[in-house]
Amino acid sequence: MKSLKTLIIAYWAKTLDATAIFLRFASRKFRALMIPIQRIFGFYVIPDPIKSRSIDLSAFLTETDQKIAELPKPYRELFDLSAAISSEMFINAGDNINQVQKAYDAWKDGFPSSIAIVGEKGSGKSTLIHMLKELVFTDIPITNIDFAQSTWKIEQILSSLGTAFEVSDVNRPETLINAINARDERFVVCLEGLQNLYLRNINGFEALEALWLIISETKEKVLWLTSCSRYAWEFLNKVEGIDAHFSHVCATDTLNDEQITNVIMKRHDKSVFKLRFEPDESTRKSRNYKKRLNNPKEIQAYLKEVYFEELTELTGGNASVAAISWLRSIKKIEGRTLVIAPFQPVNIDSLEILNSETLFVLAAIILHDTLKVAELCRVMNLNLSTSKVLLSRLKSRGFLLENQGAYYLNQLVYRQVLRLLKKRNIIH
Amino acid sequence: MKKSIITFLLFLCCSVVVSAQIPNLNSVQPDSAATDSSSIVEGLPTNVVQFDELFSTGKIISALVLLILTFFFVRLVVFLLERLAENQSAYRLMIKRLIPFLNVAIWSTAIFIVIAGIIDPPIETVLTVGASIGIAVGFAAQDILKNIFGGFIIILDSPFQVGDKIEVDDYYGEVTQIGLRSTRIVTPDDSLVTLPNADIVNNAVSNTNSGALDCQVVASIYLPADSNISLVKEIAYKAAISSRYVYLNKPVVVITENKVMDKNYLLHLKVKAYVLDIRYEFLLKGEITELILTELNRRQLLPISDLTKQKEGA
Numbered sequence: 001m002k003s004l005k006t007l008i009i010a011y012w013a014k015t016l017d018a019t020a021i022f023l024r025f026a027s028r029k030f031r032a033l034m035i036p037i038q039r040i041f042g043f044y045v046i047p048d049p050i051k052s053r054s055i056d057l058s059a060f061l062t063e064t065d066q067k068i069a070e071l072p073k074p075y076r077e078l079f080d081l082s083a084a085i086s087s088e089m090f091i092n093a094g095d096n097i098n099q100v101q102k103a104y105d106a107w108k109d110g111f112p113s114s115i116a117i118v119g120e121k122g123s124g125k126s127t128l129i130h131m132l133k134e135l136v137f138t139d140i141p142i143t144n145i146d147f148a149q150s151t152w153k154i155e156q157i158l159s160s161l162g163t164a165f166e167v168s169d170v171n172r173p174e175t176l177i178n179a180i181n182a183r184d185e186r187f188v189v190c191l192e193g194l195q196n197l198y199l200r201n202i203n204g205f206e207a208l209e210a211l212w213l214i215i216s217e218t219k220e221k222v223l224w225l226t227s228c229s230r231y232a233w234e235f236l237n238k239v240e241g242i243d244a245h246f247s248h249v250c251a252t253d254t255l256n257d258e259q260i261t262n263v264i265m266k267r268h269d270k271s272v273f274k275l276r277f278e279p280d281e282s283t284r285k286s287r288n289y290k291k292r293l294n295n296p297k298e299i300q301a302y303l304k305e306v307y308f309e310e311l312t313e314l315t316g317g318n319a320s321v322a323a324i325s326w327l328r329s330i331k332k333i334e335g336r337t338l339v340i341a342p343f344q345p346v347n348i349d350s351l352e353i354l355n356s357e358t359l360f361v362l363a364a365i366i367l368h369d370t371l372k373v374a375e376l377c378r379v380m381n382l383n384l385s386t387s388k389v390l391l392s393r394l395k396s397r398g399f400l401l402e403n404q405g406a407y408y409l410n411q412l413v414y415r416q417v418l419r420l421l422k423k424r425n426i427i428h
Numbered sequence: 001m002k003k004s005i006i007t008f009l010l011f012l013c014c015s016v017v018v019s020a021q022i023p024n025l026n027s028v029q030p031d032s033a034a035t036d037s038s039s040i041v042e043g044l045p046t047n048v049v050q051f052d053e054l055f056s057t058g059k060i061i062s063a064l065v066l067l068i069l070t071f072f073f074v075r076l077v078v079f080l081l082e083r084l085a086e087n088q089s090a091y092r093l094m095i096k097r098l099i100p101f102l103n104v105a106i107w108s109t110a111i112f113i114v115i116a117g118i119i120d121p122p123i124e125t126v127l128t129v130g131a132s133i134g135i136a137v138g139f140a141a142q143d144i145l146k147n148i149f150g151g152f153i154i155i156l157d158s159p160f161q162v163g164d165k166i167e168v169d170d171y172y173g174e175v176t177q178i179g180l181r182s183t184r185i186v187t188p189d190d191s192l193v194t195l196p197n198a199d200i201v202n203n204a205v206s207n208t209n210s211g212a213l214d215c216q217v218v219a220s221i222y223l224p225a226d227s228n229i230s231l232v233k234e235i236a237y238k239a240a241i242s243s244r245y246v247y248l249n250k251p252v253v254v255i256t257e258n259k260v261m262d263k264n265y266l267l268h269l270k271v272k273a274y275v276l277d278i279r280y281e282f283l284l285k286g287e288i289t290e291l292i293l294t295e296l297n298r299r300q301l302l303p304i305s306d307l308t309k310q311k312e313g314a
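Chain order of the listed sequences is A and B.
So in our numbering, the last one in the first sequence is 428, and the numbering has no gaps at all.
So in our numbering, the last one in the second sequence is 314, and the numbering has no gaps at all.
Quick caveat, the hints were computed from the structure, so don't treat them as lab data.
There's no promise every hint is true.
Said to hold, decoys possible - Below, a sample of chain B positions facing chain A; criterion: calculated Cβ distance under 8 Å: (1) Asp-143; (2) Asp-169; (3) Leu-213; (4) Ile-241; (5) Tyr-247; (6) Thr-289; (7) Leu-291.
To be verified - DEER-style ranges, computed between Cβ atoms: (8) B:Arg-75 <-> A:Glu-298: 50 to 60 Å; (9) B:Met-94 <-> A:Glu-278: 34 to 44 Å; (10) A:Lys-153 <-> B:Tyr-265: 33 to 43 Å; (11) A:Lys-285 <-> B:Met-94: 33 to 43 Å; (12) B:Thr-176 <-> A:Ile-333: 57 to 67 Å; (13) B:Ile-68 <-> A:Glu-402: 54 to 64 Å; (14) A:Thr-386 <-> B:Thr-176: 28 to 38 Å; (15) B:Tyr-171 <-> A:Ser-159: 52 to 62 Å.
To be verified - Below, in silico cross-link-like pairs of lysine to aspartate or glutamate (EDC-like), each with a Cα-Cα straight-line distance of 20 Å or less: (16) B:Lys-233 <-> A:Glu-281; (17) B:Lys-250 <-> A:Glu-234; (18) A:Lys-332 <-> A:Glu-281; (19) A:Lys-422 <-> B:Glu-86; (20) A:Lys-422 <-> B:Glu-295; (21) B:Lys-272 <-> A:Glu-240; (22) B:Lys-250 <-> A:Asp-65; (23) B:Lys-250 <-> A:Glu-281; (24) A:Lys-422 <-> B:Asp-277; (25) A:Lys-238 <-> B:Glu-82; (26) A:Lys-423 <-> B:Glu-234; (27) B:Lys-233 <-> A:Glu-209; (28) A:Lys-332 <-> A:Asp-280; (29) A:Lys-219 <-> A:Glu-209; (30) A:Lys-153 <-> B:Glu-295; (31) A:Lys-423 <-> B:Asp-214; (32) B:Lys-233 <-> A:Glu-206; (33) A:Lys-238 <-> B:Glu-86; (34) A:Lys-332 <-> A:Glu-70; (35) A:Lys-423 <-> B:Asp-199.
Note that beta-carbon positions come from the ideal geometry of N, C-alpha and C, so glycine has one too.
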């Protein structure tokens with residue numbers, strides 16, 4: 001009798017235990033299932049660690065700077081995408097070099113060609129131009145013009161072009177056209193920063209209009225090679241059909257995950273460091289990871305693949321954003337091994353609560369690449385103090401960076417901001 | 001929200017307990033005093049007994065519980081869909097237009113369950129009661145019925161959806177709700193106007209955006225007939241494309257018309273552009289007008305007003 005009672009008690013205890021485990025499991029599964037549903041309906045509350053990071057984005061960015069500064073200088077320099085690179089390090093997106101070669105050959109045969117290189121900020125437009133100078137335009141004089149600052153007034157562009165072509169007293173486009181066409185030799189003009197030649201304002205298109213006139217009248221004498229950021233190009237195409245001025249348009253922002261892997265790994269392979277990728281919690285639990293547990297090499301190959309897939313997806317194939325994210329992922333250096341933490345994108349859910357005025361400022365900056373306070377006044381038709389307040393607020397939150405009074409979007413949040421603006425139909 | 005859910009759940013529990021108890025009481029009573037009750041029932045006319053069976057307390061409570069449940073369910077569905085619509089900008093209008101459909105569908109299902117599932121009357125009763133109610137209500141509430149039929153026609157014909165900007169009679173605004181009796185719109189000055197559905201069905205309805213997030217905005221400006229037309233048109237076009245509210249995936253068009261006003265010839269400048277979200281409709285219209293007038297003033301292309309002349313004279 002006693003043994004039966006013990007048996008029942010034991011059985012009961014076991015049942016209770018199993019029920020508790022099942023309930024815990026079911027509740028965890030249910031919560032996991034509810035998160036995407038809550039997110040869709042807008043009820044999702046961000047868990048504390050991510051929430052604190054997303055609110056204090058500036059602290060996250062400072063941490064990024066600190067982390068990158070802690071890395072060995074030669075390694076950091078390898079990932080400085082603004083620096084000139086050798087041809088072996090170059091990733092040729094969409095066979096751009098061949099396209100330009102064809103355009104150049106056609107121009108040499110008398111066909112009036114002109115080329116535009118279009119891509120997001122940091123996607124490698126300048127690098128492509130550098131490579132084109134080294135590989136294609138080897139037998140022809142080149143004139144370089146870089147519009148790094150906003151140049152939207154006709155006097156400004158005529159003065160800059162006059163200096164570049166060594167023509168004095170240029171007060172009309174025709175003066176410049178005549179001077180260029182009077183030259184004996186044919187030449188290439190590399191004009192970078194087309195996005196800085198306009199201002200989205202009722203009087204902000206005069207510089208660009210002058211440039212179109214100059215390009216169309218000098219096409220036979222000059223091969224125009226220009227670069228323009230993606231969203232400025234899209235805007236100008238819609239309002240005045242910019243692509244009609246160019247016979248060849250090359251895109252640099254179409255890198256796939258294999259090309260992004262190459263951009264990073266070609267640079268990394270120049271260093272002496274080995275790599276060790278760390279799995280995140282979900283990867284650790286995945287079947288793919290578990291079945292490779294007895295083979296460390298396979299695990300590393302798998303983790304590398306997962307890392308670069310996520311990196312490409314979240315950086316939208318943008319090489320500079322990928323490079324910064326890579327440096328940010330280096331957790332620590334153990335001897336000659338770099339430990340790579342799982343890819344963690346910046347969570348900027350706080351963007352969702354920004355008002356429409358602030359979103360329009362971000363859109364204006366994306367359309368122009370960089371804007372000064374006075375320029376923002378003209379673009380948004382605001383007064384000076386309001387523009388200052390809007391820009392400094394975004395700067396203090398880490399969305400914008402400032403260089404000599406010109407504000408530009410932080411590369412680390414570029415993709416997320418873009419996604420939000422597209423979702424709100426502000427950039428289309 | 002939480003409070004109302006808790007109250008509702010408490011109410012639901014009480015109702016279930018009460019409805020469970022009532023049939024028991026009914027079933028216990030005949031057992032304890034079978035002879036008395038049977039004699040009482042025998043004494044009553046047959047139709048009264050049938051009516052008593054048809055509308056027993058249990059059935060009424062069950063029907064009420066179901067209707068209350070439906071009411072809260074409809075509110076929950078509407079609340080969730082509105083949240084979803086606000087959270088998914090691209091599908092906002094599509095989700096919002098589902099709301100009136102679901103509203104009608106859920107209520108129709110609930111009423112069907114009450115009649116066919118709970119009350120379950122014989123077909124003769126349904127026909128008789130239906131005809132009687134039909135005649136009585138038909139005479140008493142002709143206008144309401146007109147509106148309800150109007151509501152059905154609006155839902156089936158879909159001349160507009162929730163989220164569209166419509167103009168009926170002198171009222172212009174965004175449709176916020178399509179009900180069975182009336183349709184509600186919010187005018188630009190934030191007034192809520194309730195339009196009876198019968199009036200909407202019998203009048204011409206102008207729909208500005210027909211379900212799209214963008215809609216066309218027309219800014220009109222009157223200029224002297226001797227204005228430099230090509231220059232003015234160029235200014236107007238640049239003003240439209242410079243506005244932050246303009247949707248550039250659709251064309252911006254500037255047209256001119258000749259108008260006669262007070263025996264004077266005028267140039268009527270019309271700028272047609274699309275706004276990126278109908279919420280900014282009037283902001284776009286205002287901004288285009290302001291930009292054009294400011295630029296025309298700056299270039300001294302507008303005639304000087306009498307007031308300015310007086311000021312300058314002084």
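Checking each numbered hint in turn, tell me which of them this model violates, lowest number first. Structure breaks hints 1, 2, 6, 16, 20, 22, 23, 25, 26, 33, 35.
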